[in-house]
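For the first sequence, the positions run 0 to 110 when numbering that gives the first Met the number 0 is used.
Where hints are given, some of them may not hold.
Stated by the list, open to error - Computed Cβ-Cβ distance ranges for the label pairs, DEER-style:
| # | residue 1 | residue 2 | range |
| --- | --- | --- | --- |
| 1 | G27 | L82 | 17 to 23 Å |
| 2 | G37 | Q107 | 18 to 24 Å |
| 3 | L110 | T77 | 32 to 38 Å |
| 4 | P76 | E9 | 26 to 32 Å |
| 5 | L52 | K100 | 24 to 30 Å |
| 6 | K74 | Q107 | 28 to 34 Å |
| 7 | I64 | G21 | 18 to 24 Å |
| 8 | V85 | G37 | 31 to 37 Å |
Rather than coming from a laboratory, the hints here were simulated on the basis of the structure.
A quick note: this is a predicted structure, and the numbers were derived from the prediction, not measured.
Even for Gly, the Cβ is constructed at its ideal location relative to N, Cα and C.
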Amino acid sequence: MADKNHSFFEDVYEVVKLIPQGRVTSYGAIANYLGSKGSARMVGWAMNAAHSLSDVPAHRVVNRIGLLSGRHHFKTPTQMQDLLEVEGIRVENDQIVDFQKYFWDPSQELL
DNA sequence: CAGCTGACCCGGG
DNA sequence: ACCCGGGCCAGCT
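Please model the complete structure; the sequences and the hints are all you need to start from.
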């Protein structure tokens with residue numbers, strides 16, 4: 000990770016790729032894991048750039064309260080919700096049901 | 001070239 | 001308990 004060949008964006012992608020199916024995490028959790036706690040916004044920006052990469056499941060990244068804040072950036076506004084529901088995660092009114100239950104913290108579970 | 005914005009988060013009043 | 005302001009940093013106007 001200290002490798003300069005890997006940019007902050009690349010590191011974000013690596014973490015997002017490791018999110019298990021049927022689990023979700025938050026922008027802040029990723030930023031915190033990478034050591035840039037205050038750079039949660041950049042994680043969002045990274046997702047925007049990652050949108051072209053099929054390897055990066057951006058739909059598994061939501062904000063700290065489990066709200067689908069980035070749904071408008073997908074091809075269709077319902078794409079993000081659909082993908083999550085396919086993985087067994089219920090979404091009501093752009094809010095993940097039982098968010099804590101599905102939350103996956105990289106610094107906690109990824110060691 | 002300078003300033004604003006944003007798929008955010010935390011702490012203070 | 002709610003509301004507000006500051007910080008973060010790349011990209012765009």
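### Query
Is it true that L110 and T77 lie within 32 to 38 Å of each other by Cβ?
Holds: the Cβ-Cβ distance is about 35 Å, inside 32 to 38 Å.
### Query
Is it true that G27 and L82 lie within 17 to 23 Å of each other by Cβ?
holds (21 Å)
### Task
Could you tell me whether the CB distance from G37 to Q107 stays inside 18 to 24 Å?
Taking Cβ atoms as reference, G37 and Q107 lie about 20 Å apart, which means the hint holds.
### Task
Using the beta carbons of P76 and E9, state whether their distance is inside 26 to 32 Å or not.
The hinted range 26 to 32 Å holds for P76 and E9, with Cβ atoms some 28 Å apart.
#### Entry: C-beta pair I64, G21: status relative to the range 18 to 24 Å that was hinted
The hinted range 18 to 24 Å holds for I64 and G21, with Cβ atoms some 19 Å apart.
### Message
Quick check: does the Cβ-Cβ distance between L52 and K100 fall within 24 to 30 Å?
### Response
holds (28 Å)
### Query
Do the beta carbons of K74 and Q107 sit within 28 to 34 Å of each other?
holds (32 Å)
### Query
V85 and G37, beta-carbon distance inside 31 to 37 Å?
holds (33 Å)
Checked against the numbered hints listed earlier, the structure breaks none of them; every hint is satisfied.
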